[in-house]
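Sequences and hints are given; from them, build the entire structure.
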Amino acid sequence: MSAAALQRVVVRMLHDPALVAAVYADAEGALASDDVSPTERAWLVAPDRRRWAADPMRRYRGLQALLEELLVAGACAIRQGGVAAVDAFFSAPAFHRAIQDRQALAPAFARWLAASFAPPVPAFAALEAAIARSRRAPLPSSSAGSLIATAPWIEAEQVPEGTLAAWQHIRAALTMHPAGPLAAAADAAHPLPAVRASAALEGLLIEPGPAIGTCGAELVALLHRLRAPRAADALGDLADLGLDADEAAELVAELLMDGLLWHPPADSGSQILDLPA
Amino acid sequence: MTFAQRVQRLPHLGIGVSTEYGAAGSPGALDVADLRQKHPEFAGFLEVGLETTKGLDGPTRAWRAAGLPTTYHFLDVNLDEPEDFDGPWLEAVRGFVAELEPAWLCGDAGLWHFGPRDRGHMLLLPPILTDEVATAMAEGIIRLREETGREVLPENPPGHVFLGDLHLLDFFARVCERADTGLLLDAAHLALYQRALGHAPLTGLDAFPLERVVEVHVAGAGEADVQGLTVLEDDHTPAVLPDTWQILGALAPAATELRAVVFECERNALPACLPGFERIAATLAGSPFARGSAR
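In the order they appear, the protein sequences are chains A and B. For the first sequence, the residue numbers in the working numbering are 1 to 277. For the second sequence, the residue numbers in the working numbering are 1 to 295.
Heads up, a few of these hints could be off.
Stated by the list, open to error - Facing chain A, a subset of chain B residues (Cβ under 7 Å, in silico):
| no. | residue |
| --- | --- |
| 1 | Gly25 |
| 2 | Leu35 |
| 3 | Phe114 |
| 4 | Asp118 |
| 5 | Leu124 |
| 6 | Ile128 |
| 7 | Thr135 |
| 8 | His160 |
| 9 | Leu163 |
| 10 | Leu166 |
| 11 | His167 |
| 12 | Glu223 |
| 13 | Val226 |
| 14 | Leu232 |
Rather than coming from a laboratory, the hints here were simulated on the basis of the structure. Note that CB positions come from ideal geometry on N, CA and C, so glycine has one too.
What follows is the structure in structure tokens.
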């Protein structure tokens, strides 16, 4: 029995009328995978069921907050299925898992969008999730040690060619709505530039700001590889990225100088990925 | 030192008002400077609702710059979650404590956010009312008191759904005893709880250690229809429920250590709020609180 687990079930029920209906119909079945006792399940169904719906705006506020971060991906998803299709996140297993596991919601929403909607939504979701991670990255502490890693505030993604340009055009179009970008995202009648699908890929480098630019696939691969800190003398396995030992050392020195890599404190491995990628 | 000894050092703040970031900018909002000028007896202090990521707004900074008293009402910590006391948050809190020099810290002892503290995660739910959570809450209060060097008064939160096997007042009696602390009793929140559970307004109050009540909140509440069910909303209007007045009246003679009373009406114009202030003063007339104010 865990009060924390029960409290998280409460949060889920306050957001999801479908879960409320399921719990009131069969609490044991609806919460079979959750750490709540029979007594706690009885508490959940004790209040008048309508009390769970006392704040009708809660879910809309939640969606608004998510769309603020996943604006272009959300707008394109709405163009594909309407607001209801995007609002369905709050009844999806991805939402319930994120709440129950005490995870941040924005990355969960980004992954769900990418898995639930057709291109170009997955590419925009990947880009905007990377921006969200960069924004939340811990501030740099001391950068002096023998370990080398990708700086926590740096993100790199490989997406279909043209994604960055299309994302910028769509963002600009969303700002043209008289009621603002969020209203534009939700207004399926507000026109957005067409996005041409491309089989080719482009690498994106996201720095705080955000400052977003394109980069080579090799750099994306290197930055992903160095998410996990490693010793400076253990960079020899970068040959598969087309780098011999000397080239690897030279590139690492450059990236350290540019702030794309850093020397994390020895015990900082767990803080680098504040939000799951 | 015990709470009974520490409370003697707390200042008597009288009747005051609350604010939070941007509240003063709402159309028709209460102008605290104007209130202080016209009715200083109702503006003894400013309770500053603070989310560390938002900080202080202009009117609050002006109040503080004038050297006027404050309390720090946190809006962003789950006291029963040890992982919520992270270094950057604690550092920010200590910074605001240094800036505001509040008489004490206080705030709803409930769930201020789900998941990690993050944008879009904020809400306010009551705690699960069990003995286990009371212990965890008390540990958080002690930790925050030690981290800030200030008294930390838990407040009973509002809600529509309350779960657990304890009455809310029994829960907070245990929290206060285990943290050896005082309480911010929100009379409006208590009225909402009693109605939600089908209790009379004063149920459980006779068994509560009222000498631990250091601060009281009074606020209005409105009715809302939810699929045919009438629920009460803690809307901070000047329309105070009769139940809330009844609770305040019952507290008045017995809350011997009461130091501060807030009329939460920050988004309403002064003329609409004045009758509420006056009724608070009248209800507390002759009480230990009023005698403390007179000193």
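Hints and how they fare:
{"no.": "1", "hint": "Gly25", "in the structure": "violated (19 Å)"}
{"no.": "2", "hint": "Leu35", "in the structure": "violated (30 Å)"}
{"no.": "3", "hint": "Phe114", "in the structure": "holds (5 Å)"}
{"no.": "4", "hint": "Asp118", "in the structure": "holds (5 Å)"}
{"no.": "5", "hint": "Leu124", "in the structure": "violated (11 Å)"}
{"no.": "6", "hint": "Ile128", "in the structure": "holds (4 Å)"}
{"no.": "7", "hint": "Thr135", "in the structure": "violated (10 Å)"}
{"no.": "8", "hint": "His160", "in the structure": "holds (4 Å)"}
{"no.": "9", "hint": "Leu163", "in the structure": "holds (4 Å)"}
{"no.": "10", "hint": "Leu166", "in the structure": "violated (11 Å)"}
{"no.": "11", "hint": "His167", "in the structure": "violated (14 Å)"}
{"no.": "12", "hint": "Glu223", "in the structure": "violated (11 Å)"}
{"no.": "13", "hint": "Val226", "in the structure": "holds (5 Å)"}
{"no.": "14", "hint": "Leu232", "in the structure": "violated (9 Å)"}
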